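> Please build the complex by placing chain L on the supplied structure of chain B, with the hints as guidance.
Each chain, letter by letter, is given below.
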Amino acid sequence: MINAVGRDIPEEILEMTGKEVFHGNNYFDGYVFQKASPSTKCVINSNGSKVIESIHEALVKCEIRDGMTLGFHHHFRDGDYIVNMVMKEVHEMGIKDITICASSLGKAHDPLVKYIEDGTITNIQSSGVRGKIGEAISNGKLKGLAIMRSHGGRVRAIETGEVHLDISFIGAPTCDDYGNCRGIGGKSNCGVLSYSMVDGDYADKVVAITDCLVPFPNFPAHISMTKVDYVVVVDEIGDPEKIATGAAKPTKDMRKLMMADYCTQFVVNTPYFKNGFSYQTGVGGASIASTISLAKIMKERGIRMRFGIGGLTKPMCDLLINDQVDALLDTQDFDLAAVESVKDLRHFRISAGQYASPFNKGAVVNKLDFVILATLEVDVHFNCNVVVGSDGMITGAQGGHPDTAAGAKCTIVITPLLQGRTPAVCSEVTTVTTPGESVDVVITDYGIAINPRRQDLIACMKEKEVALPFKTIEELRDMAYSIAGKPQKVEFGERIVGIIESRDGTIMDVVRQIKPFEFSEK
Amino acid sequence: MEIVKPAIAGTLESSDCQVTVEPGDGEIDFTLKSSVINQYGNQIRKVVFETLESLGVGSVKISIVDKGALDCTIKARVEGAVFRSAGQMEHLPWGGAIRP
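From first to last, the protein sequence lines stand for chains B and L. Add 189 to the 1-based position in the first sequence for the working numbering, that's all there is to it. Add 69 to the 1-based position in the second sequence for the working numbering, that's all there is to it.
Watch out, some of these pointers could steer you wrong.
[Claimed, not checked] For lysine-lysine, the following DSSO-like pairs were computed, each having C-alpha atoms within a straight-line distance of at most 27 Å:
#1 B:675 x L:136
#2 B:704 x L:136
#3 L:144 x B:675
#4 B:711 x L:74
#5 B:488 x B:463
#6 B:675 x L:102
#7 L:136 x L:74
[What the hints assert, rightly or not] So the derived list for chain L, only partly shown, Cβ under 8 Å to chain B, looks like this:
#8 84
#9 104
#10 107
#11 108
#12 109
#13 110
#14 111
#15 112
#16 114
#17 137
#18 139
#19 140
In short, the hints are calculated from the structure, not lab data. Fair warning: this is a prediction, and the values are worked out from it, not measured in the lab. Glycine residues also receive a C-beta, built at the ideal position from the N, C-alpha and C atoms.
Isolated chain B (complex conformation) (with noise of 0.2 Å):
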């Protein structure tokens, strides 16, 4: 059946999963469901506290089992020790059958490929997968479907009890003896732990594992004691040099400083560049080059940030240090900056569903003027792609991509027409992640195309005769391909081995095994 970004999902996925194709960002808007529940083993007799020995211990408490879905979150990023070591344990246990749904999974748990491979692991739910594991995935190792899904789309899978979680486990920076964890003052802090909120409201069973216990109380509480059952304390939750980073030197490449400006320079343009504006970027060096470039400009107008979300790096944290925005909302932390910030009294924690959810009463992308991102392929219909390679091979993530892309009132993708020979511009992307619908321009090195659905945007800038080089999409992808030639469709194997999620739960495209590549000629 053909979706509303012309993708054919096939009858055997919307019957094996029960899922509807995708039909447009505001299908479900209005929609009532009852939420689901956890079961909750209460504590009354603890005798004060709730550690114990080892993840081996706590997995024999939660009654692990074949077939259980276990919960991960991913703020240590490349950085985490905490999926590898529980999954290790589960694999002596001789567990099968696991359907592991984590907020992403990243090069950091390239061990569990093994683990993909004799049947310990079935099913991958996450925000997407790099390294190895996509390239199992990608290679049809996997014995049920990977789903991807935004972070939104998480919270909303859980929510509506589409997954349930039976035992999530959160790597806890520091953690009390009764399980009040926290994202910052231990040894390898990650800031907040926003995307665990949901475990810690939904899954059955949660355990918290840290490497540096505090005395009670671990206040205030990220995810609070009420929410976990037991704590475990290990050596090392995980790498602290991968899990922020210092502050990353803003870039010197030429192409993306003008990128970068060229997004200023529209940005400034726009009618939501005024007083109380609000604005998210991703952590691409062209993005954060123009949250610089962007501050310099408020700074000499005297306009100020109402709010800003992240996804945060320290030029962001910079705004609050200077005073130039009013609040920050923050879900994951980039740098040693962004984590030193969350002290700041105007330096908001928020949940993963109070971000991005489609789900809720409203989630705070919907509030957003800006969004700055990044992609690996967008189509002359402005179809976003950031997780599968032009190659074919599943490479990247959705992470809040299609959350903020549908919430913004001007969504913005810079990208360098080519990247290496792949053209970024083409005319059909591999796989569709974001609907051409929530993406209103799209900023190369060789040009701007506005979305012609934002005739609004386009008169705006005739008006102000904005000096940028303003291009249609096709343009862009026909330059793209006269500099590396037209590439030759990808050719895939019959099996699909993951799907696409919408954010609101249907289908936005299938991801299928990949095939060995053969020349058309000996």
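This is chain L only, laid out in the frame that chain B set:
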């Protein structure tokens, strides 16, 4: 032209390719590793065969490790490797066998 001795041109930097030629067995023995093989494998093969043809090379073992080089780069690297292999470092036939 005759492939006299093994020769290499190019690097493994992004957007470049490394071309290795060796004397062949009377045919073109072509192998390719490319970061963009799924999208451009056939195109790269075509460019390499056309370049060899215009150089008059019919017997060669040629292997390419491509890091996303454009056609013009691939062509230049193939030409570079072939002329090095033939020991011809001067009086290169610009505009003749080496065409823009």
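> Does each hint fit the structure? Answer for all of them.
We went through each hint and held it up to the structure:
Taken as a hint, the residue 675 of chain B and residue 136 of chain L pair is honoured in the structure, with Cα atoms around 17 Å apart against an allowance of 27 Å. A distance of roughly 20 Å separates the Cα atoms of residue 704 of chain B and residue 136 of chain L; the hinted pair therefore holds under the 27 Å criterion. Distance hint between residue 144 of chain L and residue 675 of chain B is fulfilled; the C-alpha atoms sit about 17 Å from each other, no more than 27 Å. For the hint pairing residue 711 of chain B with residue 74 of chain L, the CA-to-CA distance comes to about 25 Å; that is within 27 Å, so the pair holds.
For the given pair, residue 488 of chain B sits about 12 Å from residue 463 of chain B by alpha-carbon distance, which is consistent with the 27 Å threshold. Between residue 675 of chain B and residue 102 of chain L the CA atoms are separated by roughly 19 Å; this keeps the pair inside 27 Å, and the hint holds. Restraint check: the Cα-Cα separation between residue 136 of chain L and residue 74 of chain L comes to about 25 Å, which is no more than 27 Å; the hinted pair holds. For residue 84 of chain L, the interface hint holds, since its Cβ comes within 8 Å of a Cβ in chain B; the closest pair sits about 6 Å apart.
For residue 104 of chain L, the interface hint holds, the least distance from its beta-carbon to any beta-carbon of chain B being 7 Å, beneath 8 Å. Here the hint on residue 107 of chain L is kept, as its CB sits about 5 Å from the closest CB of chain B, short of 8 Å. Taking 8 Å as the C-beta cut-off, the interface hint given for residue 108 of chain L holds, the closest approach to chain B being about 4 Å. With a cut of 8 Å, the hint placing residue 109 of chain L at the interface with chain B holds, because the nearest CB-to-CB distance is about 6 Å.
About 5 Å separates the beta-carbon of residue 110 of chain L from the nearest beta-carbon of chain B, less than 8 Å, and the hint is met. Below 8 Å, beta-carbon pairs count as interface contacts, and residue 111 of chain L has one with chain B at about 5 Å; its hint therefore holds. Given the 8 Å rule on beta carbons, the hint for residue 112 of chain L holds: about 5 Å separates it from the nearest Cβ of chain B. Satisfaction of the interface hint for residue 114 of chain L is found here, the shortest Cβ-Cβ separation to chain B being roughly 6 Å, below the 8 Å cut-off.
Nearest Cβ of chain B to the Cβ of residue 137 of chain L: about 3 Å, under the 8 Å cut. The hint holds. The interface hint given for residue 139 of chain L is met, as the beta carbon of that residue sits about 6 Å from the closest beta carbon of chain B, less than 8 Å. A cut of 8 Å between beta carbons decides the hint on residue 140 of chain L: the least distance to chain B is about 6 Å, and the hint holds.
In this structure, none of the earlier numbered hints is contradicted; all agree with it.
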